[in-house]
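Chemist: Using the hints, put the two chains back together into the complex; each one sits in its own frame.
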Amino acid sequence: MPLTVRVSREDAGATVRVHPSGSLDSATAGALERELAPILASKVSVLVLDLAEVTFVSSAGIRVVLAARKQMADRGGALLMANLQPPVAKAFEIIRAIPDVAIFKSVAELDAYLAAMQRQAGGGPPR
Amino acid sequence: MEPRARLAEALRGRRVLVVERDPAAPDSLSRQLAALDVTAETAASGPEALLRVAHAGEAGTFALIVIGADLPGMGASGLTRALRGRRETSALPLLTHPRGPIDLPALLGALEGVSAGLDLVAGSARLGLASHELAELLRAFAPQADAHLAALARVVADADAEGARREAHALAGAAGNLGATGLHRAARALEHAARAGAGGLGPALADVAREGRALLAAIAAFTPAGAAPPPAPTKPRGELADRRVLVVDDVRTNVDLLVRVLKDDYLLSVAFDGESALRSVATQPPDLILLDIMMPGLDGYEVCRRLKRDPRTREIPVVFLTSLDEVRDKTQGFEAGAADYITKPFEILEVKARVGALLRAKAYQDAVRELLESELRVAREIQRGLVPRNFAALGGGAADCFACLEPARAVGGDLYDVFRLDDRRLCLVVGDVSGKGIPAALFMVMTITLIRSLARLSGRPDEILARVNDALAADNPSSMFVTLFCAVLDVETGRLTCASGGHLSPLLARAGGEPRSLVASEGTLVGVQPGLAFPATEVELVPGDLLVAFTDGVTEAMTPDGALFGEARLRALLRGLGDVAPADAVAAVLAGVRAFAGSAEQADDIAILAVRYAGAGRRTPAPPADLTLDLRATFEDVVRAAAAVRELCETRGVPREPTDDLLLGLDEMLSNIVTYGYPGNPAGAIAVRVAISEDALRLDISDRAPAFNPLEAATPDLDAPLDTRPVGGLGVHLARSVMDTMEYARADGENRLRLIRRLRRGEVL
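Sequences listed follow chains W and L, in order.
Sequence positions in the first sequence follow my numbering and run 310 to 436.
Sequence positions in the second sequence follow my numbering and run 17 to 781.
Source of the hints: derived by calculation from the structure; they are not laboratory data.
Predicted model only: the values in this text are computed from it and were never measured.
There may be inaccurate statements among the hints.
Said to hold, decoys possible - If you anchor each label on the Cβ, the simulated ranges turn out as follows: (1) 474(L) / 343(W): 32 to 38 Å; (2) 701(L) / 420(W): 46 to 52 Å; (3) 776(L) / 420(W): 38 to 44 Å; (4) 663(L) / 339(W): 21 to 27 Å; (5) 339(W) / 757(L): 56 to 62 Å; (6) 776(L) / 321(W): 50 to 56 Å; (7) 663(L) / 424(W): 41 to 47 Å; (8) 351(W) / 776(L): 47 to 53 Å.
As the list claims (entries may be wrong) - If you only want the chain L side, here are some residues facing chain W, beta carbon under 8 Å, derived: (9) 651; (10) 654; (11) 655; (12) 670; (13) 674; (14) 676; (15) 679; (16) 680; (17) 683; (18) 684; (19) 687; (20) 747; (21) 750; (22) 753.
In this text, a Cβ means the ideal position worked out from N, Cα and C, and glycines have one as well.
In isolation and in its complexed conformation, chain L is listed as follows (with noise of 0.2 Å):
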């Protein structure tokens, strides 16, 4: 038969309402339809529509409902779920059809799947397939719903209530998916007369079957509109392209219909069970999951729970797919973590909006934490670049020192410093800002800034503080505090004073004796209330003495179990250290926590401080010399010097050559030094040391003048005209060029300068 006349067939005497936009306009549904010899009654929206039917009752039920594109209210997706929800037109025939030309095909395989129930929605919105698409889809569906009711009826017959339950579940939702309302319907009244534990499943059983027979009928008899279009790109497109779904269904209709749709839009895995669900995710992580509850195995509760426990996955939102309905079984899916819950038979483009939203928000989620991420490793650089990091020179031989700065989050509140105040004394700090991030490491800064520009004015560590405490309670809107511990050491002497501003006392371990707290009281919090005084008290260090000041983050750190690792185990720490270096004692300590919170996160910032004391007569012995000459600040001792050191080198037999590139170097760093160094300071103490050996001339300089580097000179430019060039610079240079080695360092509050002249050059010494 022609399908025209197919059409005129079975519609006779019956009703077709079309829902559009505008009946009257000439390209309408309704005149197409009227083209065909078929008179529709029309709506004009949604509401319209649901009205219409509601009062069809005395005219009979429509037919066929036909919905096109862009309805005003509630849409085209919308009217099809409200339509699917009334009872009387829960298994009406829909034809949701797009703008254009009517699908002949497509609308003939609606009418005659009217006794399967099946709404074939050939190029609907509703599926966004093509007619084509969706009988690949069917092909593939009919085998596997042969398979089930096959099971069903071997189930059934072992009076296998589980195992009926299980099978009416899978179909009735695969069944749901593609339209097939009639079956979807009988499955699941078997599947609830299965699980309520009724026996004789045998007339539901019955009904499974005949609308499984009549749905393979229907799908052996659809004809797709139009000839298969060319494949489409198979590289999903749009702004979420980069962007993975894992499906994870163990029907493999419901997995295909999936796949179809958002195969076009973003990246796809897919899982058939649990197992597999979590390995995929493990070895390809993606951006959303949409998972099916009921599978054997691990149920999606289940995978959705163990995904949420995990920090490397807990991030991805998941959306369960099921035909699942009931409130207590949504409220477990969220209990569950999941992000969304979708019941089947769902509207293909509710999932895709959904999947859609929620990938957008995970995106800028990815965004947001991206930034604010980098933000704070920079800011972490920032903070740590703060603090001194090179101990080396800061204690000159006479107190060795080391320090840590360990943030719970990026960046945090503690804080230490260590810096010289002049030749002998060096300043020690250590802080803790109330709170942590960002807001305690604004407050941080600010305080450490205040203790080095305070502590310029004065050197003592009460003044220091009452300062650093009148400027932050100034002006404090946010009532932030800081405990400060600062301490001034004499290098000279050992002597230590230390003022306390809230903070826990530094211990204090010496040598056969219990590690001490260092200060009796630990003083007012810094920040607060202006004009209180932090009074200062003294400590003499003898040689061999460390102390270690520290955070609460140290003694406050924890255990999983919520136990505190407290003084007492850090002084039972520092009494088993012995004669270590500072470094070693921090990593020590900064150890010993770590192992004692176990798998406890770090829940406080960490600063450590450890200062060894190792007194002034521990400095690094000079080196022995074949001549010492003590000279004062004059060009009369330069002369004398000169001439000692000629004449040393002439009874020792050094050639001649080396000799005046000796008395050079001499002459000039002598000369830098009464001319630069004390000027108008003709007492200025100068130690010259001569070492004579096989291999080398070695001459050592040092002088009490304040800090001068003469080696930083910058190297005159000898390729300039005489007249041009700068006099600065050309004894250094002078120098340099002749010696081998020249060296300078600063410590004890000397100048050192250190010249070597191989005598055998060429030779590596």
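One chain only, chain W, in its complex shape (with noise of 0.2 Å):
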């Protein structure tokens, strides 16, 4: 199953929200981490990944996502995952990398924690 991603900016570009879709495998890996390339490579500080309509997840696509929040973490800056499905809640679960990454089961939860986070101008997001 080929992935594709796409990509919206919110709060002029200091939040960016990404929606990777379909199955993210060692084949996949790559594309992902492409995409994601230019977002860190930015000044962004809150990167979301909406994982909604991922399906499927391997060791090599996990990688990507643990690269990705160390480099935001790196500059301050954080990697917050929303929408996990159960097959790959599952393999974030087995690798026990959760506690180091902000998750939120849905999308609601995670707008409620950015409000919050943009009322508290310049404060970091809770760890």
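Modeler: Next comes the structure, spelled out in structure tokens:
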């Protein structure tokens, strides 16, 4: 199953939402990595990965996500994930990545979090 | 009468000789005697004493010789022996006295025993016994002497010459050991007369009876000096206190005496005849045996011969203790296997010294043997660890191997080796180093190491042998050599390339035919002359062929009569084997050789290597599958495979979660192979098979990339912070977490992975 990636920007580009769709595996992880590269190189402070349409993830996909998270953290930003489907959530649980990555059950929860963050200007996201 | 007066009375008009190191010393024996009103002549050494005795003629012999301790020159026991060996002094009363105050009762006893010829050596160095101990011994001896005298009178009256000889011998020995020289001499005279068959033993018997009565009177009058000390500790002490000495004598007094003088130094066992001596040795093996020769039933010679025949008792030193003192008796004793020979009457110090020396020698010998044996045990383990013993994976299903190494000693010079040169070629080696034991084992280690390293440079047996030969011959000061058979088997085609360096030709057994020699020429020995060639020959194996390589320990195995096992017998054995596995073939050959040799010890090292060629077509058949995919090493094909597997699962109604798990395992394993197995090689072949049953999903993945077991990847440290974790191992961990079983095998040049996802978890498959 191929992977397509849709990107949307908010807050004048300070928050970027990435919506991959399809299977995030060894064959497609490279595609996501290429989409994320310019975003990570820009001055985005919050990167949201909305995984609602990702049906499958393997270690190759997880590596891309973890690498992006590290780059965001290194410059004081945050990577947030939302809408993990059961097989994807299971893979992240197995490697116990969850405590280090902010994950939201739904888009509504994520939006509430983002709104709260914007109210306290300059404040970093909770870890 | 008061003791001092008795002493003066006994010595009136008689001469006393005192032999001591320093007669002028204030506490010298001669000064102590002077204080007792006894005037003694003195000698300052053993040789001087002997001179004085030899020239005593005119003045009359000495009534008593007192021998002090620490004499220069020959020592007290040497002087005692020398005096006993001279006719004129053989019956003289001797008092061997240790350093210290003079022992008046012992002195009186010695003088009162003169008529009985009894040397009362109480407290003397000669017996090493305290005065009261001697008294005990004498009191125990009295009834025995009585019985012997009565028995002697009876057998002489019956004109039983053999009985008289036996009784007189026993009495003479016992009396001699106690220092009753008069009785000893009389009994010996009777023994000799009886042995010579001389008639009229009456006068000799009368002498014995007279001496016996005098001795019994002297014993009754003997008063030990001082009070008995508290009982000595019963446990032996000293460096050899854990050593056991078996005393064998049919005369009770002799046993008593030996027990008394040895009990403080060694553990003791006692036997009164030959049969019980052998039983005692069997139940409680001693470290040394003091063995009387003349005993009723089994005599000492026979007991000794039986002990020396038995490997379990062969090493126990045997010391004969006997009053037989002719050269031929001694010779016979040594011929029976004796370590030493001591004649009665013996000097106790000498017995103790010889027993001690032999036990120390045996202790040393035991220690050396134990050390050697333990080192050899380790060496044996090392040598056995050098050759492969797990043959299961070597042939990859196309060829099945087994081999054994049976050194004649702990280690040996035979060798075998089986190892893979690459995916399809197997190297087979059997060899035999000249000689046996440790030198052969060292050369064997060198040879096997060389073969393994040189085989990596060349996969041809002729080249391997030529190089091994040059390497060994280049520096071989001991001129050892090795015979070697080396072959390389291509398991795909069955082509066997062989070369022989002076080794016996292996046998090839093919169904329906006679086992035949594999190579026509055995070739030249390896390791002696550099620059030799070892021409290769080729044989095509067909499925079912059994190849058996061996060393001459098989064909030259011998029966106790010296008959050889021989190659004909080996061929017959192989012909009768049928279609057995190589392990069974090796076991059958070994069992055949052992049965043939019977009780004969294995004379030479044995190595046997058997290979059954199954053929490439006989590989384990691929399991049936619901989906078979032949992929190339590209991610396009990985996507294709994932799509096909997902479609299969959906068609077959497999639930979503197991399907995702299976796809996760598939993606992780395939991406590993594409990335690491075939880097830069998009043509690399990967085969995927999926089988779906009611119970489980089975995924088989095979590739022909270099051997790599992904399951050996270390489990990542999942508790470490994400930033510090290495990326490797994550995929394998993920797959392992969702699958129930993951297995890896390398066979037929393939990496084979099998992943199983059970459909009904919690149930045992």
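Chemist: Against this structure, judge whether each hint is valid.
Modeler: Hints, verified against the model:
1. At roughly 50 Å, the beta-carbon separation of residue 474(L) and residue 343(W) lies outside the given 32 to 38 Å, and the hint is violated.
2. In this structure the hint that residue 701(L) and residue 420(W) lie 46 to 52 Å apart at CB holds, the actual value being about 50 Å.
3. Remark: the range hint 38 to 44 Å for residue 776(L) to residue 420(W) is upheld by a beta-carbon distance near 41 Å.
4. The supplied range of 21 to 27 Å is met by residue 663(L) and residue 339(W), whose beta-carbon atoms lie about 24 Å from each other.
5. Range check, residue 339(W) to residue 757(L): about 31 Å between beta-carbon atoms, so the 56 to 62 Å window is missed.
6. The hinted window of 50 to 56 Å between residue 776(L) and residue 321(W) holds, with their beta carbons roughly 54 Å apart.
7. Evaluation of the 41 to 47 Å hint for residue 663(L) and residue 424(W) yields a pass: the beta carbon distance comes to about 43 Å.
8. Between residue 351(W) and residue 776(L) the C-beta distance comes to about 50 Å, which sits within the given range of 47 to 53 Å.
9. Hint status for residue 651(L) relative to chain W: holds, with the closest Cβ pair at about 4 Å, below 8 Å.
10. Hint on residue 654(L) holds. Least Cβ distance to chain W is approximately 5 Å, under the 8 Å limit.
11. For residue 655(L), the interface hint holds, the least distance from its beta-carbon to any beta-carbon of chain W being 4 Å, beneath 8 Å.
12. Checking residue 670(L) against chain W: minimum C-beta separation of about 14 Å lies over 8 Å; hint violated.
13. Below 8 Å, beta-carbon pairs count as interface contacts, and residue 674(L) has none with chain W, the closest being about 11 Å; its hint is therefore violated.
14. Hint on residue 676(L) holds. Least Cβ distance to chain W is approximately 4 Å, under the 8 Å limit.
15. Below 8 Å, beta-carbon pairs count as interface contacts, and residue 679(L) has one with chain W at about 6 Å; its hint therefore holds.
16. Hint on residue 680(L) holds. Least Cβ distance to chain W is approximately 6 Å, under the 8 Å limit.
17. Hint on residue 683(L) holds. Least Cβ distance to chain W is approximately 4 Å, under the 8 Å limit.
18. Annotation: residue 684(L) was flagged as interfacial toward chain W, and the flag holds, the nearest CB pair being 6 Å apart, inside 8 Å.
19. A distance limit of 8 Å between C-beta atoms decides the matter here; for residue 687(L) the minimum to chain W is near 3 Å, and the interface restraint holds.
20. Taking 8 Å as the C-beta cut-off, the interface hint given for residue 747(L) holds, the closest approach to chain W being about 4 Å.
21. Evaluation of the residue 750(L) hint against chain W yields a held restraint, the C-beta minimum of about 5 Å falling below 8 Å.
22. Residue-level restraint check for residue 753(L) holds (minimum Cβ-Cβ distance to chain W is 5 Å; threshold 8 Å).
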